[in-house]
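Undergrad: Start from chain A and add chains B and C according to the hints.
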Amino acid sequence: MKKYTVINTPIHNIDGIAKVTGRAEYAFDIKLPHMLYGKILRSPYPHAKILKINTKKAEGLTGVKAVVTGKDTLGKKQGIWRRFKELCDEEILARSRVRYIGEPVAAVAAVDEDTAEEALDLIEVKYEPLQAVFEPLEAIKEGAPQLHEHAERNINVTRHIEWGDVDEGFKKADYIREDWFRCSSQHHVCMETHNAVASFTHDKKLTVWTSTQSHYYIQVLLSWILGMRENDVRVISRYTGGGFGSKFELDSAQFCSSLLSMKLFKPVKITLTREEEFMATKRRTPMFYYLRTGVKKDGTFIAKEGRVFTEGGAYTSMGATALYLTGFFQAFPYVWPSYRYDGYRVYTNTAPTSAMRGFGAPQATFCAETQIDLIANDLGIDPIEIRRKNAMYPGYEVPGQATIQSCGLSQCLDKVEKWIKSRKKLPPNRGIGIAAYGFMSGGIFNWFDTPYAFSSAVIQINIDGKVDLYIGSQDMGQGSNTTMAMICAEELGVQVEDIRLHMGDTENCPVDLGAWGSRETLMQGNAVKMAAAKAKQQIIEYAAAKLSPNIVYDLDIKDRWVHLIARPERGLSYYDVVKEAIRGKDGLPIIARGHYTPHRKGMISPAYSFGVQAVEAEVDPDTGKITLKNCVTAHDCGQVINPIGVEGQLEGAMAMAAGYGFTEDLPMDEGKILNPNLVDYKVLRATEMPETKVIEVETYEPEGPFGAKEAGEGLTNPTAGALGNAVFHATGLSIKNLPITPEKILEALKEKKRKKKK
Amino acid sequence: MIRDFVYSKAKTVKETLDLLKEFKENNKIICGGQSLLILMRQGLVAPANLIDIKSIEELSYINFKPKIGLKIGAATTHSEIEKSSIIKKHYSVLIDMEKNLASNQTRNWGTIGGNLAHADPAGDPGPVFIALNAAVKMANKERERTIPLEEFFIDYFETVLEDGELLLEVQLPVVPPKTATVYEKFNIIKNDQGIVSVAASITLDEKGSSCRDVRIVLGAAASIPIRAKKAEKLLIGQKLNNGLLEKIGKKASKEADPVADIHATEEYRRYLVEALTKRMVRKAWEQAKTQAR
Amino acid sequence: MEKQLLRITVNNETHELYVKPKRLLVEVLRDELELTGTKRGCNTGACCVCTVLLNGVPVKSCSILAMQADGTEVTTVEGLAEGGKLSPIQRSFLDHGAYQCGFCTSGMLISATALMEKNKNPTKKQIREAIHGNICRCTGYNSIIRAIKAVAEGKYKEEG
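Chains as they are written, first to last, in the numbering used here: chain A, 47 to 804; chain B, 30 to 322; chain C, 42 to 201.
For the record, the hints were derived by calculation from the structure and aren't laboratory data.
Treat the numbers as computed from the prediction; the structure is a model and nothing was measured.
Positions of the beta carbon are idealized from the N, C-alpha and C atoms, including for glycine.
You may find that some hints are simply not true.
[As the list claims (entries may be wrong)] Taking CB as the label site, the calculated pair distances span:
#1 LYS801/A with GLU54/B: 56 to 66 Å
#2 LYS467/A with ILE265/B: 45 to 55 Å
#3 ARG199/A with LYS44/C: 53 to 63 Å
#4 ASN169/B with GLU43/C: 25 to 35 Å
#5 ILE63/A with GLU43/C: 37 to 47 Å
#6 ALA64/A with LYS128/B: 30 to 40 Å
#7 ASP666/A with LYS128/B: 17 to 27 Å
#8 ARG629/A with ASP72/C: 46 to 56 Å
#9 ASP33/B with ASP495/A: 43 to 53 Å
#10 GLU797/A with GLU315/B: 28 to 38 Å
#11 THR175/B with LYS77/A: 46 to 56 Å
#12 ASP495/A with ASP286/B: 57 to 67 Å
#13 GLU43/C with GLY106/A: 22 to 32 Å
#14 SER142/A with LYS128/B: 49 to 59 Å
[Said to hold, decoys possible] The calculated lysine-lysine pairs, modelled on DSSO-like cross-linking and capped at a C-alpha distance of 30 Å, are:
#15 LYS796/A with LYS671/A
#16 LYS283/B with LYS804/A
#17 LYS161/C with LYS739/A
#18 LYS198/C with LYS739/A
#19 LYS318/B with LYS268/B
#20 LYS280/B with LYS803/A
#21 LYS258/B with LYS268/B
#22 LYS219/B with LYS798/A
#23 LYS464/A with LYS165/C
#24 LYS675/A with LYS196/C
#25 LYS283/B with LYS790/A
#26 LYS128/B with LYS312/B
#27 LYS671/A with LYS190/C
#28 LYS259/B with LYS796/A
#29 LYS262/B with LYS236/B
#30 LYS280/B with LYS804/A
#31 LYS671/A with LYS259/B
#32 LYS318/B with LYS236/B
#33 LYS103/A with LYS61/C
#34 LYS44/C with LYS43/B
#35 LYS312/B with LYS280/B
One chain only, chain A, in its complex shape:
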């Protein structure tokens, strides 16, 4: 196990002091002189034509400064899948047609929020309601209402993944199981709702403060939809109060506040209410899953076939990626000799479904791991054993898709097995369930069609040794700021206190694609490491000149000490060398650049994290209520960079994933979300969270900085499956319809009794 000076040590998060003293300024807090407040009028219909909008009365209300509608836009349809024009299907501010309840139709700017809200009631919109369709399996039928002209039978995108000969495989299988599942939606519930302050000034430049996971994407999308030059738009996001996948697409707050500001030449702030957040921002993709799996009687996996229909909602959004990834991760983390997946994303008149932590993998893992336990049970094989038998291993190639380099899955299985054995005999009504996962460590896909390196970093070292580190990555709470500072400090040979971080501002920062797809540690980290290495090289050159050692010696910097590696006592203080180096460069600070773009690293990701989670749950036989008792996770994220950060991320992921498993849901009635508030939408609180144990399995990932991989999104994958399996082992009931509620358990119990009677 390598010992490092900075990484893998428990340091304070570099934003910590600002956050614990209430000084961190979020876009939510931004207040500018002469700032106006905006509100958005949203469609009450799931599907309708907009016939006419009359804004006169609203404009006449005292305190109202401007009203905008689709007529005030360039009528462009945008989307993140810029490479595929037909998938750029969302106007944001609808011009002639609305396709989900909550779709923006107009926006108002006024002297205060209450006046803006009052003005909304005065906007007269004449709709012609159209027939609507809400379920993908209904929307795909002949004769169903068509949402988009180009999408026959409302099929938005399809995906196909295949290797080996699945039909041959089934012939060879000793045992075949078929199961159907329904995976629910889920909401991100960021504590900071979507918001933006847009300020358009007379020099025709636009500045937007917003809560985002990618200021670069927002800059590009906003400039595109507004018809502006990309770099005449500046996006600032120093602190983001949660993202989880909800904040890297252009949203209504950003777009509408920009439109209003462009009309008024004054700053306009729009903050979404919690209700708007639930109703009209994007959410996890609900999926209808069919899995057919063939195995040998000793549990060896032979063939798997998956067919999935996803509820797309009204627009493509990021749903196409979720469709692919669910199919891709359905085969993780095991060796499948043959595999076939067909996925269909279907437009429906509901709020668009998009990216949420896990991005299709939690759904895949729930279905896969539930079925594996059922197969193991049918064949009388131990759940750990069947997984161990088929586990991925270092060097395995997923045919045509990916190369697994580092993989600590087997060790994770061993650790979890050890814990399970230590539990001995469980009290009545309790069960332990496990689930294994593998996840990407930096999504490679460039559907955004960026011309830039995926991630860049710039370093400047000043006369006092302070290092300015410019990065494009976005910290939304996952701790990337601290991770980057640590990687920089470790590589450069200084301490984190020597780093001054610059991020969250398109005007000052190099491009990074943003905090999604678990890419920051690996991609931004590699870029930072490269820049730091180049800066270090410049310092070392000066030190070598000064020390004049025998040519066989080489130098390094550790803990601010520039020294001969073989003779560490011979060296110079980093601070002294920097002073001389700058003088030696005609007074120029030391500057270096780094960048990272994955070339020839497969279709999905350069590296994969792995893990196994065990959940111990108790089921009340009288009511069906589930109580989480214990949760143990062994995970492999390569080299841990920020240990306090990793533990926090894993626990947070578990809480969110457990919610997906048994408490969170977005029930709808004719396209209307029925629980758009935090009373009726149930997230886990401190009292529901069990004690958790996190076991690190250390591996070394050659693709990652210092061998590091992601930790934080992968862990959202296993909990629903592990929980479901715990319920299975406690009660004998397998619930294949998320969330696993007490009522479903009791229904299943009744069904079981009924079958027994027969």
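TA: Just chains B and C now, with coordinates in the frame of chain A:
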């Protein structure tokens, strides 16, 4: 958004009753406001006049007299009830109920009077106080009246309080010997309002072998907290056994009138009423047996 | 609508303001007094992100009219560090990484501070119950529990 209103801070009950009469129907009382402000923010309630009674000291008290019982002022907070040693001694089920009610923060500012006047059928205090045989005292400028809490609730979010009338006090009689009162609600997240809830109070005879009195109160199972009187009748004069318990549970389930919503179907709510009733009746029975005298 | 006089002491500073009666305490703190450390997360009094101390007791500032806080003493997150020194709870949060995006942190710190005033050595269960109202979407709560427990165990005795 909250609509503008004229704000009056009352210092005494008399001042409040005067203001209530002055503002007639166009007013609302705010005390803790933990329920009211949410309604006002959503525009569901928009009074022209708001009368703030939070600082009326004469409405905030917990008084116990051994021969009379307990009197709680309407402006007493949930936290004050939760922390009261006198309530812990004599009516400990109230402590259990308060500990599981909403959040710390809500309990620190919200009041018992506000909760009862809000009349949410899923509220916790209603069923528990009814099980304890509570009465409530109200007054307007002309008169004062005291009625059993059971008669206080009329419908969803509706009570017998008339225009100009203020809820003053909750009164609990002395607990008879060999009596236990218990309460449980079913929820997914701890301290959330119950999907259903059941309060049960059982008084045994001197020998402790048969039931002299019983009150089974169902919460979130109808438009108001209701007593499962038919189920109660089954237990009067009887000794509890498994067979009887089953019958009581089933009867209570039939007496419930639950709705279906996103949290549960009607069927599941009835099922929970049965399960919780059985649990609470058994628990109250066991506890009553250990009570002194 | 006529504004009314509000006298309120926040973080040991007394203010006299004229506010519309419908203003919520959280609005006055954030807008009039520019103490933006206290955040808002919902409209239904469910998330407790807006928690402040009012006369020493944690309450939701979104669910109290500013006028109801007339004559009271309020402490917000900005008032926890005295004389530039972080409080034991703040220091423990830093050491344990008991925050991630930070948006719920202000309310969480207030709840934790209030707990430690009331109960010098709470159990983990009591800690969970004390912060039950505060929703955190990032941490899964356990790092917060650890941070508070460490203060309870005396690891952050005030320096002399």
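Undergrad: Each hint: holds or not?
TA: Each hint tested on the structure:
no.: 1; hint: LYS801/A with GLU54/B: 56 to 66 Å; verdict: holds (59 Å)
no.: 2; hint: LYS467/A with ILE265/B: 45 to 55 Å; verdict: holds (54 Å)
no.: 3; hint: ARG199/A with LYS44/C: 53 to 63 Å; verdict: holds (60 Å)
no.: 4; hint: ASN169/B with GLU43/C: 25 to 35 Å; verdict: holds (28 Å)
no.: 5; hint: ILE63/A with GLU43/C: 37 to 47 Å; verdict: holds (42 Å)
no.: 6; hint: ALA64/A with LYS128/B: 30 to 40 Å; verdict: holds (36 Å)
no.: 7; hint: ASP666/A with LYS128/B: 17 to 27 Å; verdict: holds (20 Å)
no.: 8; hint: ARG629/A with ASP72/C: 46 to 56 Å; verdict: holds (51 Å)
no.: 9; hint: ASP33/B with ASP495/A: 43 to 53 Å; verdict: holds (51 Å)
no.: 10; hint: GLU797/A with GLU315/B: 28 to 38 Å; verdict: holds (33 Å)
no.: 11; hint: THR175/B with LYS77/A: 46 to 56 Å; verdict: holds (52 Å)
no.: 12; hint: ASP495/A with ASP286/B: 57 to 67 Å; verdict: holds (60 Å)
no.: 13; hint: GLU43/C with GLY106/A: 22 to 32 Å; verdict: holds (25 Å)
no.: 14; hint: SER142/A with LYS128/B: 49 to 59 Å; verdict: holds (56 Å)
no.: 15; hint: LYS796/A with LYS671/A; verdict: holds (15 Å)
no.: 16; hint: LYS283/B with LYS804/A; verdict: holds (28 Å)
no.: 17; hint: LYS161/C with LYS739/A; verdict: holds (26 Å)
no.: 18; hint: LYS198/C with LYS739/A; verdict: holds (28 Å)
no.: 19; hint: LYS318/B with LYS268/B; verdict: holds (12 Å)
no.: 20; hint: LYS280/B with LYS803/A; verdict: holds (25 Å)
no.: 21; hint: LYS258/B with LYS268/B; verdict: holds (17 Å)
no.: 22; hint: LYS219/B with LYS798/A; verdict: holds (29 Å)
no.: 23; hint: LYS464/A with LYS165/C; verdict: holds (26 Å)
no.: 24; hint: LYS675/A with LYS196/C; verdict: holds (28 Å)
no.: 25; hint: LYS283/B with LYS790/A; verdict: holds (22 Å)
no.: 26; hint: LYS128/B with LYS312/B; verdict: holds (19 Å)
no.: 27; hint: LYS671/A with LYS190/C; verdict: holds (29 Å)
no.: 28; hint: LYS259/B with LYS796/A; verdict: holds (27 Å)
no.: 29; hint: LYS262/B with LYS236/B; verdict: holds (20 Å)
no.: 30; hint: LYS280/B with LYS804/A; verdict: holds (28 Å)
no.: 31; hint: LYS671/A with LYS259/B; verdict: holds (28 Å)
no.: 32; hint: LYS318/B with LYS236/B; verdict: holds (9 Å)
no.: 33; hint: LYS103/A with LYS61/C; verdict: holds (26 Å)
no.: 34; hint: LYS44/C with LYS43/B; verdict: holds (26 Å)
no.: 35; hint: LYS312/B with LYS280/B; verdict: holds (18 Å)
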